[in-house]
Amino acid sequence: GQNIDQPTEMTATEGAIVQINCTYQTSGFNGLFWYQQHAGEAPTFLSYNVLDGLEEKGRFSSFLSRSKGYSYLLLKELQMKDSASYLCAVPGASGNTPLVFGKGTRLSVIA
Amino acid sequence: DAGVTQSPTHLIKTRGQHVTLRCSPISGHKSVSWYQQVLGQGPQFIFQYYEKEERGRGNFPDRFSARQFPNYSSELNVNALLLGDSALYLCASNHSPTTGTEAFFGQGTRLTVV
Chain A
32 GQNIDQPTEM
42 TATEGAIVQI
52 NCTYQTSGFN
62 GLFWYQQHAG
72 EAPTFLSYNV
82 LDGLEEKGRF
92 SSFLSRSKGY
102 SYLLLKELQM
112 KDSASYLCAV
122 PGASGNTPLV
132 FGKGTRLSVI
142 A
Chain B
10 DAGVTQSPTH
20 LIKTRGQHVT
30 LRCSPISGHK
40 SVSWYQQVLG
50 QGPQFIFQYY
60 EKEERGRGNF
70 PDRFSARQFP
80 NYSSELNVNA
90 LLLGDSALYL
100 CASNHSPTTG
110 TEAFFGQGTR
120 LTVV
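Each protein sequence line maps, in turn, to chains A and B. 32 is the number of the first residue of the first sequence in my numbering; add one for each residue after it. 10 is the number of the first residue of the second sequence in my numbering; add one for each residue after it.
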């Protein structure tokens, strides 16, 4: 089955850089997703990695190492509005389970 | 274009009652998935439907059921509600159920069972 581990909480300062890590164990690999979820709102798509390496998208970047079962989300020039939960997710093993999510990392950005 | 819409947004039910939650996917999307998210946890997969057929089911009891209609909207039904069913229920739509396609989530239905 699929298993995902990510830190529960992180705190960072406005304007700084923060890295949110995610480790996973999967039977088969079909890519890794990152979603952002503000309190009480729907998750919104941030990135999808299927090949090793870093993908940059504005202030957000996502990295994947398939051999290490490891990914991270890098947030630069932090803003207060980046305070949210960040969810790491992989497609299910059977292919019929759309996404298996980690518990999420709650990021607090402080002044 | 309208995103994924869910109704109702909030709901309070008593233990033992039944509830029906509704979801309308993005226009053109034929795959709908349901997730349960309890406070402080990530979403947990309940069901996936594609072209009106069940394509996947998570580890939930038979009290949970769902269906998809010809217009691709979907309903999630929960019978004999328990306190532990209190959660945010999320609906997500994809163009197809192929892995690797981005899922778009609705705002969710916050269910409270008292």
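Take the hints with a grain of salt, since some may be wrong.
Label-pair ranges, simulated between beta-carbon atoms [unchecked claim]: (1) B/R119 / A/T42: 41 to 47 Å; (2) B/H104 / A/L105: 35 to 41 Å; (3) B/K39 / A/T42: 40 to 46 Å; (4) B/S16 / A/N52: 25 to 31 Å; (5) A/E86 / B/T14: 29 to 35 Å; (6) B/N80 / A/T42: 42 to 48 Å.
No lab work stands behind these hints, which were simulated from the structure alone. Heads up, the beta-carbon is just placed ideally off N, CA and C, and yes, glycines get one too.
Each hint tested on the structure:
no.	hint	result
1	B/R119 / A/T42: 41 to 47 Å	violated, 27 Å
2	B/H104 / A/L105: 35 to 41 Å	violated, 29 Å
3	B/K39 / A/T42: 40 to 46 Å	holds, 42 Å
4	B/S16 / A/N52: 25 to 31 Å	violated, 37 Å
5	A/E86 / B/T14: 29 to 35 Å	holds, 30 Å
6	B/N80 / A/T42: 42 to 48 Å	holds, 45 Å
Hints 1, 2 and 4 from the earlier list are contradicted by this structure; the remaining hints agree with it.
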